[in-house]
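Colleague: The lines below spell out each chain.
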Amino acid sequence: MSEETRRLERTPILPLVVIGVLASAIGIAIGLVIDWFPTDASIQAKPIDNLYDLMIILSVPVFVVVTIIVLFSAWKFRMRPGEEQLDGPPIHGNTKLEVVWTAIPALVLVVLCSYTYVVLTDIEEAQANEMRINVTGQQFAWSYEYPQAGGKPVRSTTLYLPKDRPVRFYVKALDVLHDFWVPAFRMKVDAVPGITTRYRVTPTRLGTYPVVCAELCGLGHAVMRSTAKVVTPADFDSWLAEQQAPAGGADTGAGASDGDKGTKAPEIDAKTIFAEGNGTSIACGACHTLADAGTSSQTGPELDKVLKGKDADFIKTSITDPEAEIAEGFQGGIMPKNYADTLSPEELDALVKYLGEVAAK
Amino acid sequence: MVAKFRNPGLYRAGLYTVYAVALAYAIIWVFRTWYSLDPVFKGEAVLELALFLSPLGFLIGLGSFSYWFRWATGKPTIPEDHSGHGAHSWRDYFKVNTDHKVIGIQYVVTSFVFFFIGGLFAMLMRAELAQPGRQFVDSSTFNGLFSVHASLLIFLFIIPVFAGLANYVLPLMIGAPDMAFPRLNALSFWMLPLGGIMMLLSFLAPGGSFASGWTAYAPLAVTAPEGQVFFTIGVQFAGASSIATALNFLVTIITMRAPGMSFFRMPLLVWANFSTSLLVVIATPFIAVSQFMVFFDRALGFNFFEPAGGGDVLMYQHIFWFYSHPAVYIMMLPGFGIVSEILAVKSRKPIFGYRMMAFSLLAIVVLGFTVWAHHMFVSGMQDWIRVPMMVTTAIIAVPTGIKIFSWLATLWRGVLHLDTPMLFALGFLTMFTLGGISGVMLAIIPVTIHVSDTYFIVAHIHYVLFGGSLFTIFAGVYYWFPKMTGRMYDERLGKIHFWSTFVFFNLTFAPMHVIGIQGMPRRVADYAEQWATWNLMITIASFFLGLSALVFAYNMVASWRGGPKAESNPWRALTLEWQVTSPPPIFNFDAIPTVVGGPYEYGVPGAVHGVLKDAEVPTPVGAAAHGESAGTTATKDEEH
Amino acid sequence: MEAAGISASVALEHHDDHDHHGPPPANRSSRVDSELLGMLLFIISEIMVFGAFFTAYFFIRFVAVGHQWFPFDRYELPVAIAGVNTAILLSSSLTLHWAQLSVKNGNRFGLKAGMLLTSLLGLTFLCIQINEYVHIGFAPQENAQATIFYGLTGLHGAHVFIGLTLLVMVTVRAFRGHFSAEHHHGVEVPGIYWHFVDVMWIVVYTTIYIL
Ligand code: HEA
Ligand code: HEA
Ligand code: CUA
Ligand SMILES: [Cu+2]
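Respectively, the protein sequence lines represent chains A, B and C.
Quick note on numbering that gives the first Met the number 0: the first sequence kicks off at 0 and runs consecutively.
Quick note on numbering that gives the first Met the number 0: the second sequence kicks off at 0 and runs consecutively.
Quick note on numbering that gives the first Met the number 0: the third sequence kicks off at 0 and runs consecutively.
Just so you know, not all the hints are guaranteed correct.
Dumping the calculated BS3-like pairs for lysine-lysine here, alpha-carbon to alpha-carbon at most 30 Å [to be verified]:
#: 1; chain 1: B; residue 1: LYS74; chain 2: B; residue 2: LYS94
#: 2; chain 1: A; residue 1: LYS75; chain 2: A; residue 2: LYS95
#: 3; chain 1: B; residue 1: LYS3; chain 2: B; residue 2: LYS74
#: 4; chain 1: A; residue 1: LYS304; chain 2: A; residue 2: LYS228
#: 5; chain 1: A; residue 1: LYS45; chain 2: A; residue 2: LYS162
#: 6; chain 1: B; residue 1: LYS3; chain 2: B; residue 2: LYS94
#: 7; chain 1: C; residue 1: LYS103; chain 2: B; residue 2: LYS74
#: 8; chain 1: B; residue 1: LYS564; chain 2: B; residue 2: LYS612
#: 9; chain 1: A; residue 1: LYS75; chain 2: B; residue 2: LYS494
#: 10; chain 1: B; residue 1: LYS41; chain 2: A; residue 2: LYS336
#: 11; chain 1: B; residue 1: LYS74; chain 2: C; residue 2: LYS111
#: 12; chain 1: B; residue 1: LYS94; chain 2: B; residue 2: LYS564
Treat the hints as calculated values from the structure; they're not laboratory data.
Okay, chain A solo, but in the shape it has when bound (with noise of 0.2 Å):
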């Protein structure tokens, strides 16, 4: 019987192996060329973007194999009208085969795994010169603080980085847990409420980038943002300088603050509230755009637009008891419920003061 010799025949083994190979080369060619991540800004994003290629090179033959064998068979080998009733040869198995098997994906995990001890130390080097930031992360924003040697720390709700700086990040949660990553720097940590995570980032290209917090962290999980702007370490030295100054006294236009300054709290400063916090609120600029107090962030409503005209006691049930109206196109349960807490009565009011003024602008 023809059929039966067919299948008798030796299966070629050889134009089998040049397609595996060509795919391969094919798919490793697409899989290198393919720009699958985001823009690298910092020392750390090359070597791991270097180590992806590595396993693209090393996986992609793999996949090629058990493809091609699965296709070939099928095709090759598939019942023809007539061999309804045939069976296979009874082969057991073979032991050198499986030998060959286990070696090699062995072997292959061995020098990923070593490659990737060198990559992990290198990424997680020490450095010379290094800046401490202090990041924390609380439902539902980031805030930045950067220690000052003998003076009281800077606070900001933007992330700015000097460009070749080597930084260290002390992360904190104070509720539940949250995750500090900036993709273009590829490196991650959880923020875990009761101890310190830390990381390692240089950044080394100008430009802003977005803080995302990956772990879930409730309903504001996905508007959890931030941005991280990397300047030129002269930029960054005089922003550290502007935030520096005494509150208030250094601004062009702060009307409202310097308004409070002259009459009743001279401590108050609402300008620093919003764009800071007081040291326990979560700054409201870490959630609202306000060209004045030069906060961008776009989770919660734009406030400059949304409260022209609105009067003092709208603002105020808005911080107090945000569900009491849920601005258009925004979500309950984001913004925090607790100002009427952390907020002394006078701070309170001085923000209602401020935001009443400079909106109306």
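Dock chains B and C with the ligands against the given chain A, drawing on the hints supplied.
Modeller: Leaving out everything else, chains B and C with the ligands in the frame of chain A:
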């Protein structure tokens, strides 16, 4: 009517559920009055207690415990008259039944119901994700959707459907008349829908459904609204169910194999369930405890996860993943078993390297317990744990690779019957390899540091769970459909189902790798503009994927009702379940079969796995086939 | 190869000489008794339940920030009383053993007395434990150490309760005339569970109170 409420059954179960709720109120009332707490009926307290008590009330009402109650008090037990065996009408499927075949079908059908519900939630999720911004659901609902989606598909679908299939075929395969503990078997089944219904009911809870993902990390789960306890408690029932089934499988496999069936003559499906059951028995208690701890922290203000009180947040993740990593193998190993059966039968060749197949399963079981912290590479745990965990994780690829390559070698030079079960098995080989490879990438710490908690993970999840587990489930359901229902499924619809699933599965989940690496985080209802096109495409593909599932549903229902009658052994398989009628007789075998050879001796001239009766049985009905087998039995005997 | 075994119709055919309406008795492929095996596997599961709590203990005692262990501040454990309790529980294992020996030798009095005694000892243990809770002076809500103390001892207490329920069931059945020298399975299997509960207490006692 009164009798209906007095005799075991769904009516009484309903009644007792109500009693249980009343009892919960009463207990809370007594307790809180005693301590003069205010308010006397604290909603949460009542709810939490009721969630524990009402399933128990239901089970008692249903009659799950009737036998044991009599036994425990030393009353004469009702002698087993086997009236509980077999199902004579569809109503019997709604009763406590101790027949493993009935329970198997109850399991499979129930879990597929949860599959469709879970899949529907995925559709809603995809609809929301079609465009950036918020369209259909707010983020509270969205978080609830993916949490319930994953919880249902994992705890109420993949794990139990495997248990169901094995429940049906495993006793048949090893030549046993039933499982070792039939009543426990029935109880394990009935605990399951209770867990599932509880999870679904969470949508009615104030504050919405549980929304902290299927991982339910503390402290979010501790502070989340009441819906969370529906998960916390629902999982206990699903978990208890799977532990009980696993015990049952282990005891059945160890003590009830037919004469001649040594461990190395067991079909690989039996091996797979043996390994899985070991995993379940050892690992599942950990998730039960993790949820109990969350519950105590929530309900009673304990300090397990409260750092201010000296608790440890990361401890939750260690305990959770010590279960949930083995759980991913609980969701995969039975599928390996199914695929081994199908590939051997449909390639008409023995499984290549049978012993290594069995040993690699055991290797995965052992290794599975050593890798849990690969889910915690970015969790902030001690740095030194990472590298050892990476290495062990990578090592798991080796035994898995042995399996994949042995399957490929099984195909080689076989006679491949490319029908629906086989197509799904082949699809599994390629898709699971992809998912496994992305798994290995995730084991590589620096890569994970970037892609953890992104859609890359979502892609991995679905490649291994859909392309892996679900493909094997489809394969298995098609393969055993004739045995379980006595009817043939529609092959043409089956092929349509396979091809549409295969294509749209890839279109849905492959792009997720890309957007994941680009930085789209998982578990978000809203995302940046740059991923809009990809997501729209994914959503459209996923709708077609949903439609393909409907083809399957139609095929199953229509064929069950009106498909052509199935022969006892349409696939010419050797394993014992195919040697009895389709569907099998009520007590499986008239006499326990004798096993005389390996399960996969395809192509070996005259090979026999098992003979149904002693050689001197006089009735040669099936002419040629039987004559031959009797002859070979003799030869085999000579060999011994 | 071809169709192995006998075609299904044969399997269906009932033979009158058998005249059974139930399934054929299963082949016994292991010397281990199935109930015993089931209980042993269940105990493995139970050990893992304790294992999870011990994991929590480990983290709270050694890993968590500001970790410390009893005694600290005003938090002290009544080591001595618990030691007495340990002795009580251990002796219950002995009485249980006596009951089991008795039933094997057909000594019904020994069985009944032994079971009764064991149950009473178990009950005493529980009562002392509850008394300890009442007088210990701190609540699980106060800190994680207290939480894990109550967690582990409470978990164990729950197991004593389950074991006690089993024992009471056995006792009731013993008084109703069940069990004999040949059939004492129902004493054996719950007995193993009780021994397990005992051994677990030794571990809990050592780790919580002594170490
Ligand atoms: C069926 C379920 C299943 C299976 C089988 C697997 C299998 C594997 N998984 Fe997966 N995994 C999940 C389900 C599963 N996973 C889920 C649900 C999550 C997310 C949980 C959540 O956070 O919600 C997850 C997450 C997850 C993570 C955490 C990612 C993170 O959150 O940061 C990691 C990291 O190491 C990982 C790794 C692996 C590995 C290495 C395997 C290996 O077992 C794969 C082995 C297989 C192969 C490798 C293919 C075949 C082998 C060959 C052909 C040999 C040659 C191969 C090589 C040399 C590479 N998985
Ligand atoms: C076995 C497990 C399994 C299965 C089968 C699926 C199936 C699907 N999953 Fe699921 N998924 C998980 C397990 C699974 N998933 C897990 C563990 C997570 C992680 C959750 C977490 O983060 O905690 C997850 C998360 C997850 C996400 C990420 C959510 C997020 O992080 O924000 C998404 C997003 O697209 C998704 C989509 C889908 C889709 C489209 C399907 C489809 O394949 C579904 C196809 C089936 C059907 C559609 C049902 C049949 C059809 C009908 C009922 C009729 C309706 C039909 C139409 C409307 C056309 N899943
Ligand atoms: Cu914070 Cu997610
Ligand atoms: Cu894992």
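Colleague: Now tell me if each hint is right for this structure.
Modeller: Each hint, compared with the structure:
{"no.": "1", "hint": "B/LYS74 with B/LYS94", "result": "24 Å, holds"}
{"no.": "2", "hint": "A/LYS75 with A/LYS95", "result": "24 Å, holds"}
{"no.": "3", "hint": "B/LYS3 with B/LYS74", "result": "24 Å, holds"}
{"no.": "4", "hint": "A/LYS304 with A/LYS228", "result": "24 Å, holds"}
{"no.": "5", "hint": "A/LYS45 with A/LYS162", "result": "16 Å, holds"}
{"no.": "6", "hint": "B/LYS3 with B/LYS94", "result": "13 Å, holds"}
{"no.": "7", "hint": "C/LYS103 with B/LYS74", "result": "22 Å, holds"}
{"no.": "8", "hint": "B/LYS564 with B/LYS612", "result": "25 Å, holds"}
{"no.": "9", "hint": "A/LYS75 with B/LYS494", "result": "20 Å, holds"}
{"no.": "10", "hint": "B/LYS41 with A/LYS336", "result": "24 Å, holds"}
{"no.": "11", "hint": "B/LYS74 with C/LYS111", "result": "17 Å, holds"}
{"no.": "12", "hint": "B/LYS94 with B/LYS564", "result": "27 Å, holds"}
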